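Make the full structure from the sequences, and use the hints.
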Amino acid sequence: MEALKPRSVLSGAFFGAALTASGVWSPTVIVQQLHFEDFHMLKVFLSASASSAIVILLANRLNFSAAKPTIPKSLDRFSKYDGNIIGVLLLGSGMALTGACPGTVLPQIATGIRSAPLVLLGGILGGIIYSKYGKQLTRPTPFPVKGETKQSEERPTIDQTLSIDPIRALALYEALCLGIVASVSFLAPDTKEILVPGAVGGLFVGGSQFTSLWLTGNTLGVSTAYEQLGDLFWWILRIVTKGRRTERPTIKSLAFVLGSILGSFAVRKALGINGAGHKGGEVVIGSLRAVVGGVLLTIGSRIAGGCTSGHGISGMSLLSVSSFISVGAMFAGGM
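full-length UniProt numbering applies: residue 1 is where the sequence shown begins, and numbers increase by one.
Note that these hints are calculated values from the structure, not bench results. Nothing here was measured: the structure is a model prediction, and the numbers come from that model. All C-beta atoms, glycine included, are put in the ideal place defined by N, C-alpha and C. Careful, some of the hints might be misleading.
Said to hold, decoys possible - Derived Cβ-Cβ restraints for the label pairs, each shown as a range:
id: 1; residue 1: Leu162; residue 2: Gly286; range: 39 to 49 angstroms
id: 2; residue 1: Ser79; residue 2: Ala266; range: 41 to 51 angstroms
id: 3; residue 1: Arg77; residue 2: Ala266; range: 36 to 46 angstroms
id: 4; residue 1: Pro189; residue 2: Asn63; range: 33 to 43 angstroms
id: 5; residue 1: Asn60; residue 2: Gly328; range: 17 to 27 angstroms
id: 6; residue 1: Leu121; residue 2: Val240; range: 18 to 28 angstroms
id: 7; residue 1: Ile129; residue 2: Gly286; range: 13 to 23 angstroms
id: 8; residue 1: Phe78; residue 2: Ile129; range: 17 to 27 angstroms
id: 9; residue 1: Leu172; residue 2: Asn274; range: 34 to 44 angstroms
id: 10; residue 1: Leu172; residue 2: Arg114; range: 22 to 32 angstroms
Right, dumping it as structure tokens:
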């Protein structure tokens, strides 16, 4: 069965386990980070991105994967990156409402967060809406600039933009991430209820990037699965209402989602984690807030061409300009 390829399930299991062990599944941790009240998520995020950058470089050099920078998304309104900007502003707003993102809602399901089922429902509804009405809004940005290669036109990176050596650019990025993580760790130490330090949790997530590349050849990213569920919904509806049977749309990303929930559940059982695991108690997310926020999470991430993991962990690791812009706008949307 396409959606249950063992390698994809196993890859998702490593990702779900890493997210759960790192502590960034907690709605409280996410909301407090967006309000700049706690910086555990930032430490995990940058540590994961920095370690992922090394992992992706090795994977490309060893030829067991060929990860490519993210493609800018355009709505043809005000910028070649306007799809990224508008999309992640919606994504950030959804994160502020739900204390989740398309990836972290999966460990929230596994650990028993009360709002998680409604956030997931909203995410699925968002996938249904985007599948029908949102796909035609965005397109990859072609960049018809004289003298540039096709790749640099479609997938611009920091090193290309600054005209510096890619390895040097990567080294500078590693140094930047290390400096920020070290500074924030000194100024805002992790609280005692966190299982592991943020930097260590980020290494766990970076390790799951390696398993994803090794097992599937793909970088981390979750939001595509919601779009595929939307495609499946409309495919079934056409069969039921009009009798139009066409080829079933792909649902291969659902294997990764299933694995993420299973991996998170395994860590929950092993470590005794529950939905009220944050020492100060989890933030209360109302039902309407959870569903609406879930819709925004999916629609925003699909317009932007990626979610927190797709742009923040994978895209920034590849030094993609669109991902740096997206992550900045995401935090702005969540404030």
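Each hint tested on the structure:
1. The beta-carbon spacing between leucine 162 and glycine 286, approximately 45 angstroms, falls within the hinted interval of 39 to 49 angstroms.
2. Judged by the Cβ atoms, the range 41 to 51 angstroms given for serine 79 and alanine 266 holds: they are separated by roughly 43 angstroms.
3. At about 44 angstroms, the CB distance of arginine 77 to alanine 266 agrees with the hint of 36 to 46 angstroms.
4. The hinted range of 33 to 43 angstroms is satisfied by proline 189 and asparagine 63, whose Cβ atoms lie roughly 41 angstroms apart.
5. Between asparagine 60 and glycine 328 the CB atoms are about 26 angstroms apart, so this pair conforms to the stated range of 17 to 27 angstroms.
6. The hinted window of 18 to 28 angstroms between leucine 121 and valine 240 holds, with their beta carbons roughly 21 angstroms apart.
7. The supplied range of 13 to 23 angstroms is met by isoleucine 129 and glycine 286, whose beta-carbon atoms lie about 21 angstroms from each other.
8. At roughly 23 angstroms, the beta carbons of phenylalanine 78 and isoleucine 129 sit within the given window of 17 to 27 angstroms.
9. For leucine 172 and asparagine 274, the hinted distance range of 34 to 44 angstroms is satisfied, since their beta carbons lie about 41 angstroms from each other.
10. The hinted window of 22 to 32 angstroms between leucine 172 and arginine 114 is violated, with their beta carbons roughly 43 angstroms apart.
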